[in-house]
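Trainee: Start from chain V and add chains U, S and H according to the hints.
Next come the chains, spelled out residue by residue.
Number of protein chains: 4
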Amino acid sequence: MAPDTGILERIATGSGKQAVHVQTKTKQAWGDSSWTDGRLLAERYREIRRFTSTLIEPLEAEDCVAQSMPDASPTKWHLGHTTWFFESFVLERFVDGYRPFHADFSFLFNSYYNSIGERVERPKRGLMTRPTLGEVLRYRAYVDEAVGALLAKPSGSVPDRIRALVEIGLHHEQQHQELLLTDVKHLFSLNPIKPAYRPEAPSPPAPLPEGEGSRTATDPGPAGWIAFDEGLRWVGHEGNEFAYDNESPRHRVFLDAFKIADRLITNREYLEFIDDRGYERPQLWLDEGWATVRAKGWQGPSYWYRTDDGWRIFTLSGLRDLEPHEPVCHVSFYEAHAFAWWTGARLPTEAEWETACGRPSPDGNFAERRRHHPVACGPAEPGAFRQALGDLWEWTQSAYRPYPGYRAAPGALGEYNGKFMCNQFVLRGGSCCTPSSHIRATYRNFFHAAARWQFTGIRLAREA
Amino acid sequence: MAPDTGILERIATGSGKQAVHVQTKTKQAWGDSSWTDGRLLAERYREIRRFTSTLIEPLEAEDCVAQSMPDASPTKWHLGHTTWFFESFVLERFVDGYRPFHADFSFLFNSYYNSIGERVERPKRGLMTRPTLGEVLRYRAYVDEAVGALLAKPSGSVPDRIRALVEIGLHHEQQHQELLLTDVKHLFSLNPIKPAYRPEAPSPPAPLPEGEGSRTATDPGPAGWIAFDEGLRWVGHEGNEFAYDNESPRHRVFLDAFKIADRLITNREYLEFIDDRGYERPQLWLDEGWATVRAKGWQGPSYWYRTDDGWRIFTLSGLRDLEPHEPVCHVSFYEAHAFAWWTGARLPTEAEWETACGRPSPDGNFAERRRHHPVACGPAEPGAFRQALGDLWEWTQSAYRPYPGYRAAPGALGEYNGKFMCNQFVLRGGSCCTPSSHIRATYRNFFHAAARWQFTGIRLAREA
Amino acid sequence: MAPDTGILERIATGSGKQAVHVQTKTKQAWGDSSWTDGRLLAERYREIRRFTSTLIEPLEAEDCVAQSMPDASPTKWHLGHTTWFFESFVLERFVDGYRPFHADFSFLFNSYYNSIGERVERPKRGLMTRPTLGEVLRYRAYVDEAVGALLAKPSGSVPDRIRALVEIGLHHEQQHQELLLTDVKHLFSLNPIKPAYRPEAPSPPAPLPEGEGSRTATDPGPAGWIAFDEGLRWVGHEGNEFAYDNESPRHRVFLDAFKIADRLITNREYLEFIDDRGYERPQLWLDEGWATVRAKGWQGPSYWYRTDDGWRIFTLSGLRDLEPHEPVCHVSFYEAHAFAWWTGARLPTEAEWETACGRPSPDGNFAERRRHHPVACGPAEPGAFRQALGDLWEWTQSAYRPYPGYRAAPGALGEYNGKFMCNQFVLRGGSCCTPSSHIRATYRNFFHAAARWQFTGIRLAREA
Amino acid sequence: MAPDTGILERIATGSGKQAVHVQTKTKQAWGDSSWTDGRLLAERYREIRRFTSTLIEPLEAEDCVAQSMPDASPTKWHLGHTTWFFESFVLERFVDGYRPFHADFSFLFNSYYNSIGERVERPKRGLMTRPTLGEVLRYRAYVDEAVGALLAKPSGSVPDRIRALVEIGLHHEQQHQELLLTDVKHLFSLNPIKPAYRPEAPSPPAPLPEGEGSRTATDPGPAGWIAFDEGLRWVGHEGNEFAYDNESPRHRVFLDAFKIADRLITNREYLEFIDDRGYERPQLWLDEGWATVRAKGWQGPSYWYRTDDGWRIFTLSGLRDLEPHEPVCHVSFYEAHAFAWWTGARLPTEAEWETACGRPSPDGNFAERRRHHPVACGPAEPGAFRQALGDLWEWTQSAYRPYPGYRAAPGALGEYNGKFMCNQFVLRGGSCCTPSSHIRATYRNFFHAAARWQFTGIRLAREA
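Sequence lines, in order, name chains V, U, S and H.
Position 399 of the first sequence, counted from 1, bears residue number 399 in our numbering, the numbering being contiguous throughout.
Position 11 of the second sequence, counted from 1, bears residue number 11 in our numbering, the numbering being contiguous throughout.
Position 116 of the third sequence, counted from 1, bears residue number 116 in our numbering, the numbering being contiguous throughout.
Position 392 of the fourth sequence, counted from 1, bears residue number 392 in our numbering, the numbering being contiguous throughout.
The following block holds chain V by itself, in its conformation from the complex (with noise of 0.2 angstroms):
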């Protein structure tokens, strides 16, 4: 999802009414039913706060500050945007008294526009040195205590606005986890010391778990195709669990007969793509693809960088050798458009994929593990669709678009939603930086064509 088309974007204010898609009627709405009362969302907010801080942990103050790209946003305003989101949609409305943490802050962290021009502006955001991390740090401890208090009532006391806002301000910082994550690799990317992130992943870093894939993997083998026959298929969210409004209404497609691999491109699959003039060969690229190219001087996937011994490439672990059967990372939609005219395949429309994820397994290489980049694909299975959530976001050949019926709520909340339904191309299935219980099988992640710092890679599907 674009960096600032956070909940944050997709949320009204003001009118306390919200564009997501939250059923309330039972006590089971929450993700997890087991958190039902006022105590176990405190507790998921904790915990998912902590996460955030977690996440800090190796940065210095200096690494909070800095801007790489108009497209991402320092550590600094994610922390800070996060904490004024439950400061101003929780805090300000439901806290009689509440006195906020500093006159500013809610200019500073607002990405929120209703009137033009009095937000700091987007690119602008890496001269914001002060408030200081340690200023934003007291903030996001301050506005904790608050909600925590909010929240510490007696079982069920917590009236339903309350906590549909308080979860939706979970997923909004679970974004900003990942974002937070991809926008740190590639302002480090362009350190030429190179620093990593996190030296090495968390040791030990193995065994895997049972089927998951390993850091030093052997050859998955060739991809099989799952084959689905031609009819009507249901897409979209249903249910009492949490989803972003742009998965509804859950509605009909008609899909002719398809077949989709069972696995993801791999960086000896891309290499080949590479070593057959895949760059240099306008026939391959769509038009405005092919213009970035040469624009940009691609010679590969963003991070990679050729030497004398072969590829090297950056990861939040620092630089390395390219291993190549892990699944190619960071290339843009024209790339994986291109690398699937070259096979002759296709990408999958997001339809088709969704109706090939089917109710996924919830394992999967996600933030939680640490590695914060993807693993080679596991043993196959006949008729298993591996690599479904997690690992890498996976470009599908759908337009950004609504779904039928889609209809943005009124009032403040229209000016927010849908509104980014333009000139993207959607994704599925998260990535090795994206919190495990922020994903699902309908959600519908977006991005331009020429975006590379997200973990974005390539699975392909084909006519049936």
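No wet-lab data here; the hints were simulated from the structure.
Note that CB positions come from ideal geometry on N, CA and C, so glycine has one too.
Take the hints with a grain of salt, since some may be wrong.
Unchecked claim - Stretch-level coverage of chain H by chain V, calculated; a stretch enters the list once three of its residues show a Cβ under 8 angstroms from a Cβ in chain V: (1) 63 to 72; (2) 94 to 108; (3) 143 to 152.
Claimed, not checked - Think about it this way: if two alpha-carbon atoms lie no more than 25 angstroms apart in a straight line, the pair counts; the simulated DSS-like pairs of lysine-lysine are: (4) V:K124 <-> U:K296; (5) S:K259 <-> U:K194; (6) U:K296 <-> S:K194.
Mentor: Same frame as chain V, now just chains U, S and H:
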């Protein structure tokens, strides 16, 4: 269709294969079954080429040189490029000993690129003051004579391959007829003395055919909604008539129940949007649309000028007052989307549009009528989908993407098919500058969301 | 002189006062004392205006429309703008009841701005396809007739004010004669078919006057140094002949002893610089010069093309081989500076140049000769400052700044005088496209350091 | 002096030769003859380095990372770069077995380029979040210790070459002290919460030394004119004290008689220019100046904010009301030129300024005083050239060009000397952020005409 993305870019070279969907199993394969032999084809060739000549009659040599923006091309280039098509794809392949008119022209008038850097850079076409208009017209005559000779064979003797290429060349010519007009309009609009392409519509402006509206129109009254039930619909081209490859394969789409307006939005209706501060409220716009509004300073559709005495507009007949009952014209996708949002409705999908259009009347306000401006809608008839073809291209909410199963042909063709299916939106229905024999219900035109120099308008849709 | 910074911008309007340094105390004030009455002035007027006409003879109407870059203007604009000068500053002021040719032309052909936004934007001059060339030529004829009538008075009866304005208009016309040629050259150079403005120099191309070089020249031999002692020097215009205001006041400058080369740098000499990796070594360049070299990808002077068979150059007579003994041409100040640095010498200051030039011969390779290209230097004569006037404008190391005591006139004049004295460098001596009666030793031309489309060359100087 | 164009860029490397004009024939060669031995040099070293430390005391680590524009550098970079100078040019050359602090730092903190592409791109310095401020401070301490040890020799034992390099390194450090302050000011000005670098000037703000003005000043009264006769003047550096190479050779300049103002222009005087629509009248401006005014939307000097209660300005002590009697500050050359034109006067040439300055008082409002803002002028004294040194850099009308006979040293030096002598203007006199021992009457600072973030002001001159 993007100016250069005419058939030239979507057809093969070299291989003799073409991407266009031309079935030639029967003699009735041609758009009009009455010309099944070479003489009829030759006649059609002469007629379409001659229409190009009539279009440039009002122009001076100087007018034919300039290029007003990178998206537009000089008239001289349109004239040469369409001619080059016949020379390269027909004469050089099928006429033994054909001697090209001029060695340099295949370079100058080629928009096709199989090796990079060898074409005239697109934004520099206006600097090619040589060859002169006179030379280009001689080029046209030279090629016309050669094509005429090729086709002057006894009935039925023209091989299908030649016939297919000639026909596609004629459709290509027709695309450029429309572009020639829109590009001249854009050029003249930038001249401070605002020249008229054709001072007035051909006199007498005429009693219009019954039910087709008039120049000084009466209020068409409120638009009606035409309702459609949910169901599987077939979309895309079928049959033996000519169609571009992007209109295929014909396929099924499931549509929820919907309603669609029975006419285009008028200037008067659009003025209400402006007067309601439509161009000042970010919440009505797609995010990129709002950025465009601000960057470009838009305050109304293209070619609208606010004066002390009200709005005036620039037409191909010069400046004149805004006519409230004419359809609003020269709006971008962003404006169409914002307007629709403001009304509480939305734009139709292309599948909805095609479903509603059905088998439209071949009558309409097309290029041949030489008004080159949309006219007010005629009286409503229950259930009639008015202004279906002609008048204005209608923005749909559908991103321009391939139909299921679409696959560009292999070979050189591979370079071109589908390469523009990214970050553009589909328009339907043709305009007052489209030749009548060029348009059909399944025709998919496409432009970027910010484009305004084509004759583009708005039709609304909504959930049932 | 920057294209638009002709006299038009440096003379007043409205007030009837002018910034040019015209002393009119005697009847001999005019450049050539032999035409002291209206008939002589009228004759001179006709002659200069007619020369403009001869310059456009080789052009097609199409050639006169296009503008190849913001710094250049279309031929049609040059033709209209110089005519507008006479209409606005002479006819409208001094001819009772004068009726302007066309109401719009004072807007279209005005480069003067007293209120912002009312002129045609400079980079859009190429979009004014109307008025046509024919109309502009009729405009010229109309104004010529009116000026002729005004001047057709008995001897001495033309008032000084009119005479001064007519003369300045003629110098203005001559500036634009040179610009017309350089702008056409630039335009044609961008056409892939590289048209020749004039296929060959007028035949017979020669014999050249004794000592003036030749087209297929022999090696001029090493350049000599002419030495000057230190001392106070008078610099700037004096006397009754016409000069621009920027050549005044005449003033004293103290010069240290210096030496100056007796001829221009040749292509052969410049090739040594290229072959010594002159375009690859940042240490030879001014900082902004090096940035320009890299940004533009310069590898040699403008209009030079490296081929497998050696360098070829584009001239107003088309492409041809590089002639080693001709002066190097179309170099920027940056290149002149880097070349001089590489030799261990430097560029002269404008005061040194003027001192060395003294009272130059009025002969030279000027526009009237219609070679429109510099010729190789004739044989050396001890102490002779060869190639002083004509052939090429010579870059000096002097920034274009006002002479001590320079003060632009008050009133409307104040808007224009001296406004270009910033970030430009002075050139001296005129070129092969400068009319011979337009140039003199004190003439100060000026361009930005990166400009290359004028006929600019290099003369070295050094400390004594 | 342009941020990077410190001595670093103008001194050699490798060869051990330097371009700076250091005569070392006598023991009295150093700026202050009282420190002729190593201990005195070491003391001066410590003092100047310590002053840098005091300058960063008010800053947070976060403040030291950000780069607010390409012309500015992060504080951390200033700290590292000046240290790198001593390490590279002194320690690595003259200390046997010196072990660099960190292998990467010579890359990170080098602004010198002998091979392209190896430096950190200038606009990306703000992305180097590592090394941290702490590491850079340790780098400073490490180098300081090593330099201290090198200089800790008996009197006279420090060889001239080392002494010269240490001294130049100290002047380099002082240049960066000023830049550090101006860059922090620029950075903080962009922060919406407008932090103060130092909340107030050190208390007590003090009785100012007699005749030096005050913070809450009284009107200094009208400026007086100091008159000078025409004549030959010596300009440039002479003697044994330190000076940069661009101040040499000392040479003669002929000056016409002139008058120069005895003080700087005040805010009140500049407000009259604004109120007289100075920023709206193109005729007052240089052509490129006017283009800049429009492109940037300037309506007053930098750091001025118009409010309902009058102008407020941003200073290093935060936002406060405009003080009418203080000198106007943060104006570009364009504004200084337009203001002067508007008054009917002009800016002085640098030769006039130097002539008028004579041997100025060493007292003044310099960096050590820690006001970091100009103060109002003290009372007039007949013939006294007030505000000569300190307070503000004064724009002259002289383009920054080499003095006659200036020649950069051969060798690696050749890469750097004089390379900035193009399209910049000379400023004289130092500012409130210049260390007092860094400035002198012959000192030539230079910036582009549009630069405003330095402490720049206006002094007028006129013909006699």
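Trainee: With reference to the structure, classify each hint as holding or not holding.
Mentor: Each hint, compared with the structure:
no. : hint              : result
1   : 63 to 72          : holds (count 5)
2   : 94 to 108         : holds (count 3)
3   : 143 to 152        : violated (count 0)
4   : V:K124 <-> U:K296 : holds (22 angstroms)
5   : S:K259 <-> U:K194 : violated (58 angstroms)
6   : U:K296 <-> S:K194 : violated (36 angstroms)
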